[in-house]
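Participant: Chains A and B, in that order, give the protein sequences.
Per my numbering, the first sequence starts with residue 26, numbered consecutively.
Per my numbering, the second sequence starts with residue -10, numbered consecutively.
Think of the hints as simulated: they come from the structure by calculation, not from any bench.
A couple of the hints might just be wrong.
[To be verified] Taking lysine to any residue pairs in the SDA-like style, the calculated list, with each CA pair at most 25 Å apart, reads: (1) B:Lys87 - A:Leu134; (2) B:Lys32 - B:Ile207; (3) A:Lys119 - B:Phe3; (4) A:Lys98 - B:Lys87; (5) A:Lys235 - A:Glu255; (6) A:Lys153 - B:Ile13; (7) A:Lys114 - B:Lys32; (8) A:Lys119 - B:Lys32; (9) A:Lys132 - B:Phe3; (10) A:Lys219 - A:Lys78; (11) A:Lys36 - B:Ser157; (12) A:Lys38 - B:Ile233; (13) A:Lys153 - B:Asp15; (14) A:Lys175 - B:Lys87; (15) A:Lys36 - B:Ala93; (16) B:Lys87 - A:Leu85; (17) B:Lys87 - B:Thr232; (18) A:Lys153 - B:Trp74; (19) A:Lys78 - B:Leu247; (20) B:Lys87 - A:Glu111; (21) A:Lys119 - B:Asn(-9); (22) A:Lys235 - B:Leu70; (23) B:Lys242 - A:Gly88; (24) B:Lys242 - A:Asn47; (25) A:Lys119 - B:Ile233; (26) A:Lys115 - B:Ile17; (27) A:Lys153 - B:Leu70; (28) A:Lys219 - A:Asp191; (29) A:Lys81 - B:Arg153; (30) A:Lys114 - B:Ile73; (31) A:Lys115 - B:Tyr4; (32) B:Lys242 - A:Ile46; (33) A:Lys175 - A:Asn152; (34) A:Lys154 - B:Arg244; (35) B:Lys242 - A:Glu111; (36) B:Lys89 - A:Glu97.
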Amino acid sequence: MKIEVKNLEKKFKDFTAVDNINFFIKDGQTLGLLGPNGCGKTTTIGMLLGLIKPSKGEILIDGINFDELNREKILSKFNFASPYVELPKKLTVKQNLEIYGRLYGVKNLSQRIYEISDDLNLGLFINKKTGELSSGQKNRVSLAKSLINKPEILFLDEPTASLDPDIGDFVRKYIEEYKSKNKISILLASHNMKEVERLCDEVIMMKEGKIVDRGTCNSLIEKHGRNNLEDTFLKIARNKNELE
Amino acid sequence: MNWNKVYGLSLRHFYLIKSSFPRILDLIYWPSIQIFLWGFISKFFTLSSSYYNNTVGVILSAAILYDFLFRSSISYNMMFLEEIWSRNFTNLFISPIKLKEIIAALTLTAIVRTLIGTVPAVLLAIPMFGVSIFKIGLPLISLLLSLYLFGITLGLLVTSGLIRFGPSFENIAWASLFFLAPLGCIYYPIEILPEWLQITAKILPLVHIFEEMRNILINDIISYTQILLAIVISVFYFIVGVTIFYISYAGAKIRGTLINIGE
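Work the whole structure out from these sequences, hints included.
Facilitator: Written as structure tokens, this is what we have:
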């Protein structure tokens, strides 16, 4: 599945959150969406997920405008995980996975829950209430929910934020392995540049609602004459003229 | 309509109810307290009022029916608020579920929550005060249907407000029913209201429902016209409620409030 974003714009009254951006996510690609806080990443993801209506422009899924497609059919091929969006805390992990499995119309749901629990080592706490879990456990449950429907496009918003290095590494490794075994495209918004360097085939840099640069991690590092992606990010984020 | 998805979303609320005994107790507690309170008031009135002296428990029956309306509306609101409080809103709205499936799931689950609270109170009223709303007979089904539809409609209007204005609209959720109660003529006949308010009251289904209840219990007469009118008005408001919910959802997508409503 391929996503193409054309001249996408979102205005909230007088404030332009996303300003005429263009990019595409190729089939099987992991695209990094980088930028300082408030640069329009979440709004962009919101528009791609159908939660926010663009003011202008279009989102094409395999060449067809999102608005012309069957919303439910498209959303059944998407999923999303973010530490800032939680699952009902008073329900157990298994109950949450069962509910979302049903909402996504997953076939052989018990088998799928078993598989994903096994893959992400949820077995020890699968019958515990989600609200009683540690951040690392919650994060893995959120990832399990986002993969319950075997999405063709996965949106990840800071998937390893607030995780200790060990769990963070486990999650990154899992995403890498999952991607190698399954046909999936990923849009990853993250502030962890090492994670982006490790996972992303290409990145786009956003600033003040605009895309200011794009390319592979190495090409951007080289272009901006820096040693790593973090320094490159800082240069772009702090350079006022970069928007020109 | 995909009933598997409706069932999936309903399950979320059944699991929630099932997971906590205090939650079930809370559902039963308030209606039962209402019945005790109105039971004693009703008993006093039946002994002291000439208007009510032929029919035991008219006020208590009104209290039970009003509580049914109150519970159905609050149940609907509570389930929607649960999604906001648990910060699950985004997950729900990016899943491939249609708005009508969300409405159907909340409507079906609200009846379960409502019955958990109301049935014990109804049963309690029989031995405690010798009052049974089943004396209304078969029209009771139509009256409950109208009340339920109107309760859900109020729930839909409040949830539309929550989508439009965010969690700050929560207080309105609790106040919405008390606002309409004086116009509903729950405990008194419509003639008590000033003439100009009677016109307003008649466009609500509540007046027709509670007038009909009194008509049956006091005069032993069934007016099918009034029952039908109550249902028609309730259905009309329900359609208006659903329409406003869809408009609010479309507006929330423009304003971008769906993505961070729990925060």
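Participant: Please flag the earlier hints that this structure goes against, numbers listed from lowest up.
Facilitator: 7, 8, 10, 15, 22, 25 and 34
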